[in-house]
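Trainee: Those protein sequence lines, which keep their order, are chains A and B.
Taking the working numbering, the leading residue of the first sequence gets 1, the next gets one more, and so forth.
Taking the working numbering, the leading residue of the second sequence gets 1, the next gets one more, and so forth.
None of these hints come from the bench; they were simulated from the model.
Please note that a few of the clues may not be correct.
[Said to hold, decoys possible] Listed below are the simulated SDA-like cross-link pairs for lysine to any residue, each with C-alpha atoms no more than 20 angstroms apart in a straight line:
#1 93(A) - 212(B)
#2 87(A) - 203(B)
#3 334(A) - 211(A)
#4 103(A) - 193(B)
#5 87(A) - 32(B)
#6 110(A) - 208(B)
#7 93(A) - 110(A)
#8 108(B) - 212(B)
#9 87(A) - 58(B)
#10 87(A) - 207(B)
#11 108(B) - 70(A)
#12 93(A) - 139(B)
#13 87(A) - 69(B)
#14 108(B) - 81(A)
#15 108(B) - 170(A)
#16 87(A) - 243(B)
#17 93(A) - 190(B)
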Amino acid sequence: MTITIRAVDKRFGRYPALNNIGLEVRDGELLALLGPSGSGKTTLLRVIAGLEFPEAGQVLFGGQDVTYAHAAARQVGFVFQQYALFKHMTVAKNVAFGLDVRKAADRPSKADIAARVAELLKLVELDGLGGRFPSQLSGGQRQRVALARALAVSPQVLLLDEPFGALDATVRKSLRRELRRIHDATGVTTIFVTHDQEEALELADRVAILNKGQIEQVGAPQEVHDNPASAFVCGFVGEANRLVGEVTQGRFRSGAIQVPAPGVAPGAASAYIRPYDIVAGAPGEGFEATVRRIVLHGPVARVETVLDGGQPIEASFAREDLNGAVQGGRVTLKIKQAHLFPVVQG
Amino acid sequence: MSPMFISADKPRPAPEYTAARPAARPNEDPAWVKALVLSAVVGFLVLVLILPLACVFAEALKQGTGPALEAIKDPDAISAIKLTLLVAAITVPFNALFGLCASWAVAKHQFPGKAFLITLIDLPFSVSPVVAGLIYVLVFGAQGWFGPWLIEHGIKIVFALPGIVLATMFVTFPFVARELIPLMQEQGVDEEEAATSMGASGLVTFLRVTAPNIRWGLLYGVLLCNARAMGEFGAVSVVSGHIRGLTDTMPLHVEILYNEYNYVGAFAVAALLCLLAIVTLVLKTALEVGQSVHGRHV
């Protein structure tokens, strides 16, 4: 199911939550809505689910306008941040709910429902726990129940709101892989909301980055990371040193640092430099800095330095390139690549 | 100097932990404080609650069970008991329904004037019941706003059953709503939204998701509402007109008998009222026990 969002606006009181959002979700893809809190990502998810109606714009499911269709009619599976399991029902009853509430004519037989429930519990690796109540399950198990319940109605779209937000780090990692496996097994178009860039980049086919109710960039994880479309994306996805400076005569200058700036308009600009785009340079090449701290991560050395003007710069390069650098000593650094963005005044 | 060398030359003696343990837990108060606070609470309860309650039963049975039963079997007393039960039977279901609607509206929906509505629901708690009774007399009484019209059409509200029911409703309508609003607010709307997204209609969502989540709170509110409906004196006293055998409820009947120096009769009826209250409390406690047993699943 392709989902098309056209020029959607949504405000809460005076506060604009979504501002002219346009997005195309491809059939069968796993898309992440990534953004800081308050960026509108959950609101967008709820607009797609029909739990909020936009003030303007359109939501299309496979070319059909569902902007103001009731949530119950959309055939979406929604997994809530806090799971929203029915506390008074067993796991099996929870999973069966979407089928149980169908009108008699569309409702599968009891045996069929039971078979479907068993199949789904197997899919999320909870076979045999159908008789438990949600309160008797761990957080990760509850999340799996919520997933199975959302999938029971064979949704056209699966929507997940911060699916791993309430879980500890280990469970989170294994459930991430789990979600990917389930997505690949069912092939259902899936959109999930997260504020964790690592999660988005690892799990999603494509990532849509939201900021202040607007989409900054949509693209494959690699693309978003390597070619950020805006200063916000560059700062939010992956690590970066930020330098404030000026572009003159095709070069960006900030103190002792200079990088070529082809095609960037002259004037105030900021440079975002990934720590791993800074390498050890030969003497006389690049710029010098004082080492504050060296942290080793296996084969990688993270070198925290400070320029003579006081600007901190973090570099991250292969351990063998350290060349005997020590805390308090001087190193020569070279910038391989910088992302430059003009500073917008106002 | 490294700290590990400090003790190297002369090992320090291990600290002695021989002092008596002051309390089971570090933040627990000493035993005498607990005893003092507890005895103050118990003493107070005995003085203002248990003693008077015991007194009611003692006075009622002062001359044996015979006269007490006689007083209850009196036609006027029977009529008062019937009226009280009838008023409760009308009021409680109505207020349960009202409380459900009000709490559902307040807890699950956003609308302008919500805070004002909550304040309105609390009004009967802050208004004296006597004032509540007077309001109905002023509105529906012979000299009231609608009085002449009502007389013309032969409808009797004040000094009759409808007035008593109205006054009781006024006094008791916050009980169910007040019990349910915080409960429903705490539960939020996630489960309802989940049900909706799975295709459940509004009614199905209410019956299968909302109602099971609030059933204990609802029962609890109904019991409290019932206890108050049977025991209400002030508001009912103003609108009832005290017509013996006709518009006297049990609390009013107790007062009449007492004013007539019929102490055994007054205390016998009062004892019956107390028994009804105690049954309510026992039910309530049973509910709470049941709830904590099933609590894991609720």
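Trainee: Confirm or reject each hint.
Mentor: Structure-based check of all given hints:
no.: 1; hint: 93(A) - 212(B); result: 14 angstroms, holds
no.: 2; hint: 87(A) - 203(B); result: 19 angstroms, holds
no.: 3; hint: 334(A) - 211(A); result: 32 angstroms, violated
no.: 4; hint: 103(A) - 193(B); result: 19 angstroms, holds
no.: 5; hint: 87(A) - 32(B); result: 43 angstroms, violated
no.: 6; hint: 110(A) - 208(B); result: 18 angstroms, holds
no.: 7; hint: 93(A) - 110(A); result: 12 angstroms, holds
no.: 8; hint: 108(B) - 212(B); result: 15 angstroms, holds
no.: 9; hint: 87(A) - 58(B); result: 48 angstroms, violated
no.: 10; hint: 87(A) - 207(B); result: 14 angstroms, holds
no.: 11; hint: 108(B) - 70(A); result: 17 angstroms, holds
no.: 12; hint: 93(A) - 139(B); result: 53 angstroms, violated
no.: 13; hint: 87(A) - 69(B); result: 49 angstroms, violated
no.: 14; hint: 108(B) - 81(A); result: 18 angstroms, holds
no.: 15; hint: 108(B) - 170(A); result: 35 angstroms, violated
no.: 16; hint: 87(A) - 243(B); result: 52 angstroms, violated
no.: 17; hint: 93(A) - 190(B); result: 17 angstroms, holds
Consistency note: the structure conflicts with the earlier hints numbered 3, 5, 9, 12, 13, 15 and 16.
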